[in-house]
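Protein chains: 2
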Amino acid sequence: MTIKTIIWKNNAVVLIDQNALPLAEKYITCKSYKEVIACIKDLTVRGAPAIGVAAAMGAALGALNLPSLSQDKFRQKFLTICDEIAQARPTARNLFWALERMKKVSDETKTNSQRHLVKELIHEARLICSDDIAINRQMGKHGSVLLADGDNILTHCNAGALATAGYGTALGVIRAAHEQGKKLHVYVDETRPVLQGARLTAWELKKEKIPHTLITDNMAGFLMQQGRIDKIIVGADRIAANGDTANKIGTYSLAVLAKEHGIPFYIAAPLSTIDVSLKTGARIPIEERNAGEVTNFKGVRSAPEGTKVYNPAFDITPARLISAIITEKGISRKPFRASITHCTKE
Amino acid sequence: MTIKTIIWKNNAVVLIDQNALPLAEKYITCKSYKEVIACIKDLTVRGAPAIGVAAAMGAALGALNLPSLSQDKFRQKFLTICDEIAQARPTARNLFWALERMKKVSDETKTNSQRHLVKELIHEARLICSDDIAINRQMGKHGSVLLADGDNILTHCNAGALATAGYGTALGVIRAAHEQGKKLHVYVDETRPVLQGARLTAWELKKEKIPHTLITDNMAGFLMQQGRIDKIIVGADRIAANGDTANKIGTYSLAVLAKEHGIPFYIAAPLSTIDVSLKTGARIPIEERNAGEVTNFKGVRSAPEGTKVYNPAFDITPARLISAIITEKGISRKPFRASITHCTKE
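So the sequences go chain by chain: A and B.
Taking our numbering, I'd label the letters of the first sequence as residues 26 to 371.
Taking our numbering, I'd label the letters of the second sequence as residues 26 to 371.
Simulated from the structure, these hints should not be mistaken for lab results.
Mixed in with the good hints, there may be bad ones.
Claimed, not checked - Lysine-lysine pairs mimicking BS3-like chemistry, simulated, CA-CA at most 25 angstroms apart: (1) A:Lys234 - B:Lys333; (2) B:Lys323 - A:Lys333; (3) A:Lys144 - A:Lys129; (4) B:Lys359 - A:Lys333; (5) A:Lys323 - B:Lys323.
What the hints assert, rightly or not - Pair ranges (Cβ atoms, derived): (6) B:Lys359 - A:Lys323: 42 to 48 angstroms; (7) B:Arg358 - A:Gln251: 24 to 30 angstroms; (8) B:Asn90 - A:Lys323: 40 to 46 angstroms; (9) B:Asp97 - A:Gly331: 56 to 62 angstroms; (10) B:Thr134 - A:Gly331: 47 to 53 angstroms; (11) A:Lys284 - B:Lys333: 25 to 31 angstroms.
What the hints assert, rightly or not - Okay, the calculated bits of chain A under chain B, using three or more residues with CB under 8 angstroms as the criterion: (12) 219-227; (13) 268-281.
Where is the CB? At the ideal position from N, CA and C, for every residue including glycine.
Please build the complete structure, drawing on both the sequences and the hints.
Below you can see the structure in the form of structure tokens.
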């Protein structure tokens, strides 16, 4: 089964509408980079690697739609577009990484033809997209050795095909093990407030016919206490040089609970998620989103009018609580700094 | 401010409809014990002490509505009614405790008059109700010494006036400290799946003008990591003789997180919540509720059709993770067995 999260088609960016899932499977066509920004902001497209691909394609779209300009003016305008896209969301590293790749193409392509440069930018965006799927398959291959036949695996949020260009990071590892014939059962945290687990992960697992059970986030500890979870695997939005990992809010709590119960806790993420400029996770910016996500449940209000809310979208799991980080290069164990430095230098 | 959770009025049981809160403040009048059972089952009335009061009043209502019978037949029918009410929900100890009190009145009242016995039963049910408020105020008085001016307190679910006949257990302690002029700020876990925190605790705190901030359950760990929680206080549905405590699902995870961060973790519950017949929490029956609570919120579906769900309504927090248990008799510290044996014998 192939889920097409994001594609470049007829000089437009076509995204599966993740806000409409699982009730409706519909697609949104962005014809301008501003529409792509809006889709990143409102979570039509979400998941760190998918945001990266969307950003790159958005930048390509911005370039494509520029009028004919002098070469300097064009490159300058393109940088402005990239900077604007970079403001869409603050935490996921892949957004900035993808834009860096696009800016590099703009800076380094030797041509006097705007048309040619735009073509190269579109090519780069599509490459980031196809690379992502290949990377996820590699990650799946490496990570699948960590999962054993009969395992009960807990995952949080959606780190699946929908969070990437396809196949997924954490769910990619589960997919790969499933493809190898391992019998797995997945516990899916619903993942409040945006319910990516209930809405998206359950939808993907249903499509894949991988057995799964939905729980609310606060049930995970009780399951661990009962010995019903063998392994935990999640994605990442940004990983610092020492392995500290920003991921969907609730990840940190799961990691503490995993430690308490002696359960392996794995992160699966492409190298593009790693931010070597940050020594530790302490300075990873944590996005705070609007109160309505918490006071409402898909448009139905739960809390009294005017209730004050704190709504951080991510938290930081310290490296000491992470058993291994799975990337396209293999499985990295503690201390992560050495292998992270090694892999990101290549 | 007085919230009337449950009252006996004109030979009927009047309950605030907790499913309608916070959007509407309306009351439901039960004229038969079967209507009371339905209200306990569908969470119109919930919270261990409130369930106890509702059960007692339901039993009184059942007695009141019996036709004129021989004394033996009446007492036999009354026991059957009590047994039927006891089936309404399995975890909260107070339900069984309240029915035991009612059965004792039926067994031990020396009278030949059915009318007199019914009067005594109604009196006992109303006494259980008024006792509960007095007990909660005692608990508040004892527990408030644990809260300091300026504290940030985390609570889970609703252990407030709505969970009791009035005033509350965990929220009663917060109320008492607030009445003493201590400046407190309360973080409110929304408490999926039924959202008692968002719907009920936020509503009570708003009425009391106690500053509070709503979070999703999976944010609590991140707040603790940031040093933003000074103390955690929750209620209980059943406490075993060693202090192991059944409470709303998610409580166990909070207790593990509290230990990780060195944060005091308090339980506030009346002695009627203690089940000395159970040596440990291992045999406390944990209710599993319907899948719809997890896959839907007020009729809005989040998960794909047919998604399998696990929905335990409670979990067990081992005594080792509990800093103190606050009852109407005072503050009990570890090992709890000694003080529990002492208090429940008196």
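Hint by hint, here is what the structure shows:
1. A:Lys234 - B:Lys333: Holds, because 12 angstroms separates the two Cα atoms, which is no more than 25 angstroms.
2. B:Lys323 - A:Lys333: holds (22 angstroms)
3. A:Lys144 - A:Lys129: Status holds; Cα separation ~14 angstroms.
4. B:Lys359 - A:Lys333: Measuring from Cα to Cα gives roughly 36 angstroms; hence the hint is violated.
5. A:Lys323 - B:Lys323: holds (10 angstroms)
6. B:Lys359 - A:Lys323: 42 to 48 angstroms: Holds - the Cβ-Cβ distance for Lys359 (chain B) and Lys323 (chain A), about 43 angstroms, lies within 42 to 48 angstroms.
7. B:Arg358 - A:Gln251: 24 to 30 angstroms: holds (28 angstroms)
8. B:Asn90 - A:Lys323: 40 to 46 angstroms: Hint holds: Cβ distance 42 angstroms, inside 40 to 46 angstroms.
9. B:Asp97 - A:Gly331: 56 to 62 angstroms: Roughly 58 angstroms apart at Cβ, these two residues keep to the hinted range, so it holds.
10. B:Thr134 - A:Gly331: 47 to 53 angstroms: Once the Cβ atoms are compared, 50 angstroms apart, the range 47 to 53 angstroms for Gly331 (chain A) and Thr134 (chain B) holds.
11. A:Lys284 - B:Lys333: 25 to 31 angstroms: Taking Cβ atoms as reference, Lys284 (chain A) and Lys333 (chain B) lie about 28 angstroms apart, which means the hint holds.
12. 219-227: holds (count 4)
13. 268-281: Answer holds; 5 residues pass the 8 angstroms Cβ test.
Violation of the numbered hints given earlier is confined to hint 4; every other hint is satisfied by the structure.
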